[in-house]
Amino acid sequence: MSVSDPQAWNPADPRSRPNREQVLAGLRGTDAGGPELVQLLTPEGERVPDARFDGYAADIDAETLKSLYRDMVLVRRADREGNALQRQGQLGIWVPLLGQEAAQIGAGRALLPTDMVFPSYREHGVAWCRGIDPTDLLGIFRGTDHGSWDPLEKRFHLYTIVIGNQCLNATGYAMGQRFEGRVGNGTDATADAPDEATMCFFGDGATSQGDVHEGFVWAAAYDAPVVFYCQNNQWAISVPLERQTRVPLYERARGYGFPGVRVDGNDVIACLAVARWALEECRSGNGRDELELWKLKDPIERVRVNLVREHGVDQSFFDGVAAEADELAARLREFCLAMPDPAPDRMFTEVYAEASPQVEAQREEFLAYHASFATDGEA
Amino acid sequence: MAVLTMAKALNDGLRKAMEADPRVLVMGEDVGKLGGVFRITDGLQKDFGEERVLDTPLSESGIIGTAVGLAIRGFRPVCEIQFDGFVFPGYDQIVSQLAKVHFRSQGKVPMPVVVRIPFGGGIGAVEHHSESPESLFAHVAGLKVVACSNSNDAYWMIQQAISTDDPVIFFEPKRRYWEKAEVDVESTPSPLLRSRVLREGTDVTVATYGPSVRTCLDAAVAAETDGTSLEVVDLRTLSPLDLDPVFESVRRTGRLVVVSEAPPESSVTSEIAARVQQECFHSLEAPVLRVTGFDTPYPPSKCEDDYLPDLDRVLDAVDRSKAW
Ligand SMILES: Cc1ncc(C[n+]2csc(CCOP(=O)(O)OP(=O)(O)O)c2C)c(N)n1
Ligand SMILES: [Mg+2]
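Chains as they are written, first to last, in our numbering: chain W, 1 to 379; chain S, 380 to 703.
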C-alpha cells in the first residue's frame with residue numbers, strides 16, 4: 001500500500017480496522033476546524049488526498065511515517081518524564097508539549113539544517129528535530145541555565161518566555177537572510193549558500209501581543225522569509241481563544257498581506273507538508289506565511305492506525321519504539337538527578353561581551369565574601 | 380484583628396475597594412475565572428461580574444493602554460501584571476501616557492490607575508519571574524511607586540492606592556504572599572506615602588522595603604543576640620521617598636545599611652545613599668552601605684540564594700558599618 005494511493009486501504013482487512021478506543025481518541029482529537037482545514041490524515045488514520053499539498057507529502061512512505069511516529073512517541077515520552085520530574089521537585093516547572101507532537105514534529109522535520117528557528121518556551125519537539133537532546137532543555141526548568149545549546153550552531157534560538165518577543169526577533173533574522181541574498185536563488189543556490197527561511201513559533205494567546213502584530217507588519221514590509229507558526233491549543237492559561245480573536249487566526253494573515261493556512265494540528269503529515277510548502281515559499285523569495293495549527297490534542301494514534309492499516313506495520317515496531325522511549329526517559333531522569341549546580345559566580349560571567357569593570361568588581365567582592373565563610377569555618 | 384496571608388489581605392482590600400466605589404475595575408491576564416495566577420483576585424469576578432473584573436487579551440500594552448482610556452472615561456482601573464518581567468510590553472504606555480496625562484492636560488484629566496506587580500525572587504522560577512524593576516518606575520516623574528511588606532499594609536495600602544488620584548505602581552513581594560500576619564481592619568492606617576520604623580534600635584539603621592523587610596527584621600533579632608541593636612525602617616513608598624524617619628534614625632545611629640533585591644546601579648538604594656549623605660553628613664560614622672542584588676541579569680534560580688540579600692549579608696554589612 002502506498003500513501004499516494006489511499007484507496008488501497010481495505011476495510012475488510014482486520015489490520016485496517018482501528019479498535020473502539022482508537023476511533024474515539026481520533027474523534028476527540030478533531031472537530032470543526034472549518035472547511036479550510038488542511039488534513040491529509042484523518043482521525044481514523046486514513047490518508048486522504050489534498051490537491052494543494054499532496055506534492056509536499058509525496059515522499060512520505062512507510063519508512064518516513066514510521067520515523068515520524070517514532071519522533072512523536074519519543075518527544076511525548078521525554079515530555080511526560082519532564083512532567084514527572086517537575087512533580088517530584090527535580091524541576092521548578094515543566095512546560096508540557098502534550099498534544100502538540102504532530103505540530104512540532106511536522107514543522108521540525110520540514111526545516112532544513114540551514115533554516116533558522118525562533119521558539120517560544122514549549123517547542124521541545126522542534127528542538128528534538130534540531131538535534132538538541134532533551135537533556136539540554138532541563139537546565140532551563142531546573143534553574144541551572146537559560147538554555148545550554150548554541151543557538152547559532154543549532155539554528156534554534158533560545159526559548160523566549162516573554163510572550164511574543166520572538167516574533168520580531170525572527171522577522172529581523174529573516175530580513176537578514178534576505179539582505180544577504182539567501183532567498184530566491186533556486187537552482188543557482190549553492191551547497192555553501194543554499195536558500196534559507198526562518199520559522200517562528202508562538203501560541204494563540206500570543207497573537208494579542210503588539211510584538212506579534214509588529215512582526216507581521218515588518219515581515220510583510222520587507223518580504224522577510226519567515227513562517228509564523230501559531231500553535232492554537234485554544235487556551236492562554238485560563239483564557240479561551242474567544243478573548244483573543246473573533247476571526248480564525250489564519251484569516252488574519254490576509255490583512256497583513258500574506259497567505260494564512262489552517263492546518264489540522266493533530267495530523268503530522270499535513271503539518272509536515274504545509275510547513276514544507278511555507279518554508280519553500282519563503283526560500284524561493286515569495287516571503288512570509290502564517291500557519292495556524294488547529295486544536296492540538298491527540299496526534300499519535302492516527303499515525304499508528306495508518307501504519308497498521310495502510311502499511312501493514314506490525315506490533316514489533318511499536319514495541320521497539322516504546323522500549324526506546326522508556327530508555328530515553330530513563331536517561332533523561334538519570335541526567336537530571338546528576339546535574340551539578342552552577343558555579344556560584346556564574347551570574348557574573350558573560351553579562352557583556354567586553355567585560356564590565358563594575359561587574360568584575362562585584363564578582364571579586366562576592367568571591368571574597370564567600371571565601372570569608374571558608375576561613376571562618378576552618379578557624 | 381484577623382490573621383491573614385498577604386494574598387488574602389490583598390484580596391480583601393481589593394474587594395473592599397470594589398464595594399466602596401463601583402468605578403473600580405480589576406483587569407489583567409487570568410484575573411477573572413482563575414482569580415489570578417497567585418489567586419489575589421480570587422472570587423472577585425464571581426461577585427462583581429465580568430464587566431468589573433476583566434480577563435483581558437494577552438497584552439500588557441493593551442492592559443495599561445486601555446486602563447488609561449478607561450481612566451479618562453472616569454473609571455479607576457486596577458491592572459494586574461502577571462509577573463515583574465512581563466511589565467515591559469506595557470512600559471511604553473506607563474511612561475508615555477499613564478505618567479504624563481495629568482501633566483499634559485494641565486490637571487484636567489487625573490489618572491487614578493493602580494498597576495499591581497508581583498515582584499522579587501526566591502521562588503525558584505524560570506527567567507523573567509523574579510525581577511525587581513521598581514527603580515525603573517521610581518525614575519519616572521508622574522508615577523507613585525509603593526511596595527507592601529506585610530498583610531496589614533497590603534490590606535490598607537491597596538485600598539489607599541486605589542483611592543489615590545494619581546497612577547500608583549504597586550509592588551507586591553510575591554515570595555511573601557503566603558506569610559501570615561495580623562490585619563487590623565478597624566483602626567486608621569498610616570498614610571500611603573509614609574515610611575515606618577518597624578523596630579527601634581540604637582546601633583545601626585537598616586532601611587529596606589518589600590520582600591527584604593522580613594529578612595532585615597530577622598537580622599535584627601539575630602544581631603540582638605550579639606548585642607547589636609538595629610533600627611529597621613520599612614520604606615513603603617519608593618517614589619516619592621519618605622526619608623525623614625531615616626534621617627532622624629541615622630542622626631542617632633550614625634550608620635545606615637540599605638537593603639533591596641534590585642541591582643544597585645542608579646536605583647532606589649543609590650538615591651537613598653545620596654540623600655542621606657546630603658542630609659546627615661555630619662552624623663555619619665560610616666559610609667552608607669548597600670546590600671542588594673548585583674548589576675547582572677537575574678540569574679538562573681539555582682544561583683538566586685547567592686544573588687538575593689539574606690540574613691548573613693545584612694549582618695555582614697552591619698558589622699562592616701560598625702567596624703568602620
Ligand atoms: C509578556 C508575557 N505576559 C504574560 C506571560 C505569562 N504567561 C505565560 S504562558 C501564558 C499564556 C500563553 O498562551 P499562548 O500564547 O496561547 O501559548 P501556550 O502557552 O498556550 O502555548 C502567559 C499569559 C508571559 N510569559 N509573558
Ligand atoms: Mg495557547
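Hints may be right or wrong, so weigh each one.
With a Cα cut of at most 16 Å, we get these calculated EDC-like pairs of lysine to aspartate or glutamate [claimed, not checked]:
(1) Lys681(S) - Asp341(W)
(2) Lys701(S) - Glu644(S)
(3) Lys479(S) - Asp545(S)
(4) Lys681(S) - Asp145(W)
(5) Lys412(S) - Asp341(W)
Using C-beta positions, here's what the derived DEER-type ranges look like [what the hints assert, rightly or not]:
(6) Arg402(S) - Ser238(W): 54 to 62 Å
(7) Glu364(W) - Arg452(S): 29 to 37 Å
(8) Pro570(S) - Phe179(W): 51 to 59 Å
(9) Val576(S) - Gly255(W): 27 to 35 Å
(10) Ile451(S) - Ala191(W): 53 to 61 Å
(11) Arg573(S) - Asp150(W): 45 to 53 Å
(12) Ile502(S) - Asp150(W): 25 to 33 Å
(13) Ser67(W) - Asp691(S): 52 to 60 Å
(14) Ala520(S) - His146(W): 52 to 60 Å
(15) Asp426(S) - Phe179(W): 42 to 50 Å
(16) Gly448(S) - Gln358(W): 40 to 48 Å
(17) Gln234(W) - Glu430(S): 19 to 27 Å
To be clear, the hints were calculated from the coordinates, so they are not data collected in a lab.
Please read all numbers here as calculations on a predicted model, not as lab measurements.
Here a beta-carbon is modelled for each residue, glycine too, at the ideal position from N, C-alpha and C.
Going down the list of hints, with the structure as the test:
The straight-line distance between the Cα atoms of Lys681(S) and Asp341(W) is roughly 7 Å, inside the 16 Å bound, and the hint therefore holds. Between Lys701(S) and Glu644(S) the CA atoms are separated by roughly 24 Å; this puts the pair beyond 16 Å, and the hint is violated. Our distance criterion of 16 Å between C-alpha atoms is met by Lys479(S) and Asp545(S), whose separation comes to about 10 Å. As the CA atoms of Lys681(S) and Asp145(W) are separated by approximately 8 Å, the hinted pair is consistent with the 16 Å bound.
For the given pair, Lys412(S) sits about 38 Å from Asp341(W) by alpha-carbon distance, which is inconsistent with the 16 Å threshold. Between Arg402(S) and Ser238(W) the C-beta distance comes to about 26 Å, which lies outside the given range of 54 to 62 Å. Checking the proposed 29 to 37 Å range against Glu364(W) and Arg452(S) shows it is violated: the Cβ atoms sit about 55 Å from each other. A C-beta distance of roughly 57 Å is found between Pro570(S) and Phe179(W), which places it inside the suggested range of 51 to 59 Å.
A C-beta distance of roughly 59 Å is found between Val576(S) and Gly255(W), which places it outside the suggested range of 27 to 35 Å. In this structure the hint that Ile451(S) and Ala191(W) lie 53 to 61 Å apart at CB holds, the actual value being about 60 Å. For the hinted restraint 45 to 53 Å between Arg573(S) and Asp150(W), the CB-CB distance of approximately 52 Å keeps it satisfied. Remark: the range hint 25 to 33 Å for Ile502(S) to Asp150(W) is upheld by a beta-carbon distance near 29 Å.
Between Ser67(W) and Asp691(S) the Cβ separation comes to about 55 Å, which falls inside the hinted range of 52 to 60 Å. Between Ala520(S) and His146(W) the beta carbons are some 34 Å apart, a value that contradicts the proposed interval 52 to 60 Å. For the pair Asp426(S) and Phe179(W), the supplied restraint of 42 to 50 Å is violated, since their beta-carbon distance comes to about 56 Å. In this structure, Gly448(S) and Gln358(W) meet the distance hint of 40 to 48 Å, their C-beta atoms being roughly 41 Å apart.
The hinted window of 19 to 27 Å between Gln234(W) and Glu430(S) holds, with their beta carbons roughly 24 Å apart.
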